[in-house]
Structure formats: structure tokens, C-alpha cells
Amino acid sequence: DSDSSGSTGGMSSCHPLIVEILPSNIGADDGLEWAKLYNPCPDSVDLSTLSLGWGGAAFGFAVDLQGSLPAGQCFVIGGPGSDATNAFPTYDQVFNYNPNLSRDPGAMLLYDVAAAGVNVQTVPIDCVVWGTNSAGYLDPTGGVAPVAAGNPAIEVSLQRTDETTWATGVPSPADCPTF
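Residue 1 is where the sequence shown starts when you use the working numbering, and the numbers rise one by one after that.
If you're looking for bench data, these hints aren't it; they were derived computationally from the structure. Note that this is a predicted model, so its numbers are computed, not measured. Misleading hints may appear alongside valid ones.
With beta-carbon atoms standing in for the labels, derived distance ranges [to be verified]: (1) N96 / I154: 15 to 21 angstroms; (2) S13 / P99: 30 to 36 angstroms; (3) Y91 / T161: 22 to 28 angstroms.
Ideal placement from N, C-alpha and C gives every residue a C-beta, glycine not left out.
Generate the whole structure from the sequences, applying the supplied hints.
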């Protein structure tokens, strides 16, 4: 169900990956946006040492993650709303993105530091940028992150199809990849 694709940086060590983002719904999307992380590692990962950042045309914000993520499993953060417009996600961490996720352009970044320590120069351990990268978001190498996909349509998610490729498609918060 994908209609566009692109490429972004790969894994340098074993850590969770951002694998899907739903940045916009029909009408008001406050409380309906979500992101999904996947743990490709052989062991459970303590998420309390990580933070998730987001933004649009300018550098955004970050939230500390909570809990743990078992090996081979996914973790959905967002909400608190769950209905047909956002594919009925079950949240592992309820968090209302404020400001809302940006559809045009946008970025999501995973950091191995607390949210309070994140700024535009913090190097993420994973990231995806869509639309344009006018804010200069960094990739895991410390270079400027490439644009991995175009702006998704409303009610369409950005989905990682392997370690480096992104596409847009029907939101699937309950599905977990196997790469």
C-alpha cells in the first residue's frame, strides 16, 4: 500500500528504530497522532534512557520515553485518542504531541539522551525527515539528515519498509516489522 519511498541512514549499533508515524488525520488531529518504535535487538531495551523528538520547518520538541521494549516487539507512543481516523492504536505510552506532529514538512528523531538535553545539535540514534529538511535535522552520523519521503497525505502514515527505506501507506499501529 505504499505510494512513495526514499532512503535514510542505517543502524550503527543495536537500538530501537522509528518504524511508523501518523502525523495527520482528517479534521482536528490533536490527541490522535502516534509513532511506533521497533526493537530489532536480541534483548529488551530500557526506554527510560531514550527520548523521542519531533518538529517541522523549525526544530521541535522532545519527550522522555518510559518502560521497556522487548526484543522483536513494537512500542506505540501517542494519543490519547484511538478511533477509525488513526487506525485504532493501542498505546504503550500515552502522550499528546504538543505542538502536534507536522505533516508538511516534518521530522521524528530518537535520542539516547533525556529530552531536557536535546537541541538542534544533538545527534540522534535514528531519524526520519519528510517533505524538506529546512531545520537542518541531523542524522545518526552527525550529518544533515536526508529527506526520506514526501509529505504524507492526511490519514496516511510514513512506514519504514527495511532498515533504510521509507514509504507512505495505510496506518498499521498493530503490525510490527521483522527486519
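Taking the CB of S13 and the CB of P99, does the distance hold inside 30 to 36 angstroms? With a Cβ separation near 31 angstroms, S13 and P99 satisfy 30 to 36 angstroms, so the hint holds.
Falls inside 22 to 28 angstroms, the C-beta gap from Y91 to T161? For Y91 and T161 the Cβ distance comes to about 23 angstroms; the hint holds.
Between the beta carbons of N96 and I154, is the distance compatible with 15 to 21 angstroms? holds (19 angstroms)
Violation of the numbered hints given earlier is absent; every hint is satisfied by the structure.
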